[in-house]
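There are 2 protein chains.
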Amino acid sequence: MDHRYCVIMCGGVGTRFWPFSRQDRPKQFLDFFGTGRSLLQMTVDRIRPLVDPENIILVTNRDYYDIIREQLPEVKQSNILLEPARRNTAPCVCWAAKHIYALDPEAVIATLPSDHLVIKEEEFRKAIDEGFNFVDEGNRLLTLGIKPSAPQTGYGYIQQGKPENGFPGIFKVKAFVEKPNPEMAQLFVDSGEFFWNAGIFLWKAHSVLEAFDKYAPEIAQTLDAPDGVYASPREPEFINRHFPDCVNISIDYAIMEKAANVFVKTVEFGWSDLGAWKALYDTSPHTKEGNVTQNCRVLANDCHGSIFAAEGDKIIVAAGLQDYIVADTKKALLIYPMKDEQMIRNIVNEVKNRFGEGFV
Amino acid sequence: MDHRYCVIMCGGVGTRFWPFSRQDRPKQFLDFFGTGRSLLQMTVDRIRPLVDPENIILVTNRDYYDIIREQLPEVKQSNILLEPARRNTAPCVCWAAKHIYALDPEAVIATLPSDHLVIKEEEFRKAIDEGFNFVDEGNRLLTLGIKPSAPQTGYGYIQQGKPENGFPGIFKVKAFVEKPNPEMAQLFVDSGEFFWNAGIFLWKAHSVLEAFDKYAPEIAQTLDAPDGVYASPREPEFINRHFPDCVNISIDYAIMEKAANVFVKTVEFGWSDLGAWKALYDTSPHTKEGNVTQNCRVLANDCHGSIFAAEGDKIIVAAGLQDYIVADTKKALLIYPMKDEQMIRNIVNEVKNRFGEGFV
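Top line first, the protein sequences correspond to chains A and B.
With the numbering used here as the guide, the letters of the first sequence map in order to residues 102 to 461.
With the numbering used here as the guide, the letters of the second sequence map in order to residues 102 to 461.
Treat the hints with caution; some may be incorrect.
Because identical chains share one entry, a pair is satisfied inside a single copy or across any pair of copies.
What the hints assert, rightly or not - Taking lysine-lysine and the DSS-like style, the derived pairs with C-alpha atoms no more than 27 Å apart in a straight line are:
id : residue 1 : residue 2
1  : 315       : 389
2  : 275       : 432
3  : 177       : 273
4  : 453       : 389
5  : 432       : 453
Calculated from the structure, these hints are not laboratory results.
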């Protein structure tokens with residue numbers, strides 16, 4: 102029996118790529134690069150050579166059940182865990198661990214976001230494979246740290262501590278650091294000690310549940326079910342009743358920043374969280390004028406540093422745009438300075454208020 | 102019998118409003134203001150109270166026959182004159198006059214463009230009505246001159262000469278002047294003597310045919326058919342054979358600038374030739390930030406002097422645009438500085454070459 106499991110978290114609601122991402126179709130479900138596969142599908146494709154398809158578990162919001170069935174018809178219905186409420190990553194991770202522990206008390210779990218970009222898939226799988234082996238040998242919580250390619254201020258950072266004997270590239274974690282300011286980010290990168298927190302975690306089911314008992318007991322207790330509930334037909338009813346009572350907290354805050362047995366494996370596999378347009382711009386191939394074209398044909402005159410994205414077989418003609426986002430869907434068109442992209446969240450609210458839910 | 106006729110010229114191919122105007126649907130066929138009526142339909146609606154519907158003649162390119170039948174199902178098939186080739190306005194005017202003269206040798210004709218804006222329709226009809234009366238009394242070629250509201254450089258101007266006794270507001274024409282430079286345009290407006298050439302003409306069929314014989318005999322002769330051909334079932338065959346042999350020349354060059362019996366009636370009825378985006382911008386209501394919205398809902402932040410136009414129920418969110426054209430259709434999106442709109446013609450060619458006919 103294969104004890105390796107994978108949990109893919111795909112319940113996030115993303116409006117930062119509005120109008121492409123919408124409430125009913127957040128980022129992970131989009132065919133971002135026009136390859137014919139959504140980010141979620143690519144995430145599953147990427148891990149499948151390493152984990153028995155039977156052991157791939159999706160945790161999502163129940164609103165997305167239909168779209169997941171549509172995009173991943175091969176995933177068994179019982180492998181889709183439907184959250185009745187949005188409670189950030191800690192309750193999600195705890196539930197998935199309890200579900201898997203009930204199936205296999207010796208399980209080791211890789212927990213992955215569903216909406217990130219990985220360029221070098223072989224190296225990604227190699228890292229996950231080594232990570233599985235590392236956490237299988239002891240009570241260890243492992244996170245992946247991405248070697249930073251630039252002083253990004255949009256990511257959290259992990260500071261490496263002392264190396265773990267016998268495991269090249271694996272270190273004790275010295276500190277988790279929130280998104281830094283630009284000067285700090287530059288210092289981090291120059292030091293060589295800091296790595297981007299990619300939100301990719303490996304552990305034994307038993308180890309992470311022990312950590313929940315110790316560091317987030319309120320979640321562990323809220324989700325404490327009588328024997329025989331998890332991984333049984335009674336699980337959904339139990340979850341629907343109790344999951345909403347969990348505190349809303351991230352796994353980083355709840356566990357990783359508190360636990361003593363936390364390690365980082367430093368990796369480099371062409372990663373981006375595709376957090377917003379700028380991140381997509383940075384990771385995409387540029388024309389010689391420094392523009393990026395997503396899924397559309399563009400005739401650009403005196404445009405620089407801009408990203409053009411459209412739905413369908415559409416052409417864009419533009420002139421004189423510097424550092425702009427041009428994002429066009431059937432329902433909405435966004436033309437916005439990239440430097441102001443943090444405003445998109447507010448815009449989406451304003452669009453909702455003025456024009457209705459149908460546009461967001 | 103009513104001797105009043107109207108000729109509506111609607112064969113023009115306009116790409117200056119690309120992507121809205123396209124080869125297969127030029128400007129006159131567009132519902133420009135979202136009122137449910139195209140510019141052509143509005144032109145017909147506007148003249149109908151003044152001219153028997155039986156006497157309204159459309160001259161167009163044969164490519165547009167279907168769209169005209171669709172937009173104006175009430176117009177008799179025999180009232181639609183289909184040009185087999187594009188030869189500018191002089192051959193078109195000559196043919197229409199010969200056609201109408203064959204129907205009614207006493208006909209007076211108002212010749213109108215099909216793609217202009219008229220705000221004050223009552224005053225327009227009053228001017229046409231007075232114009233009919235004026236040309237009915239003698240061998241006179243009358244053009245309407247619009248009192249300029251600004252020193253536009255995009256229009257040709259007509260300089261008024263001495264007033265015609267007994268016809269207030271009607272003057273001999275002193276000169277036709279091509280599009281002026283800005284300084285000249287300002288002088289024109291300040292003088293009070295210059296009026297925009299709106300391309301609206303009135304004359305007796307007999308008068309204009311006499312003018313063709315005298316000033317453009319090559320066109321008159323090319324279109325000279327045996328008696329009984331015009332306004333008969335043999336007319337289309339004759340036209341298909343001979344019309345393409347006509348020289349390509351405008352009525353202004355061929356006749357108006359040469360004839361001695363040319364008059365201008367000065368008028369003011371809220372007119373624009375809607376020649377391009379800037380003209381549309383100028384004639385449309387502005388938000389307090391100086392933006393214009395056509396057929397769409399816009400959330401604009403720090404945008405000024407811009408025009409936003411979209412097809413369908415679409416919203417546009419934009420920021421930081423100064424004096425831009427944003428024109429969005431299902432097939433193409435244009436984001437272009439208004440000051441460079443004369444480039445749109447070149448763009449359309451480039452789009453055609455790079456992306457194919459389907460986009461223009």
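Here is what the structure says about each hint:
When the C-alpha separation of residue 315 and residue 389 is checked against a cutoff of 27 Å, the pair qualifies neither within a copy, at 54 Å, nor between copies, at 60 Å. In the homo-oligomer, the alpha carbons of residue 275 and residue 432 never lie at most 27 Å apart, since the shortest distance is 47 Å inside one protomer and 54 Å across protomers. For a Cα distance limit of 27 Å, the shortest separation of residue 177 from residue 273 qualifies neither inside one copy, at 37 Å, nor across copies, at 87 Å. Taking CA atoms no more than 27 Å apart as the test, residue 453 paired with residue 389 passes between copies only; the shortest distance there is 23 Å, against 37 Å inside one copy.
In the homo-oligomer, the alpha carbons of residue 432 and residue 453 lie at most 27 Å apart both inside one protomer (13 Å) and across protomers (26 Å), since each shortest distance falls under that limit.
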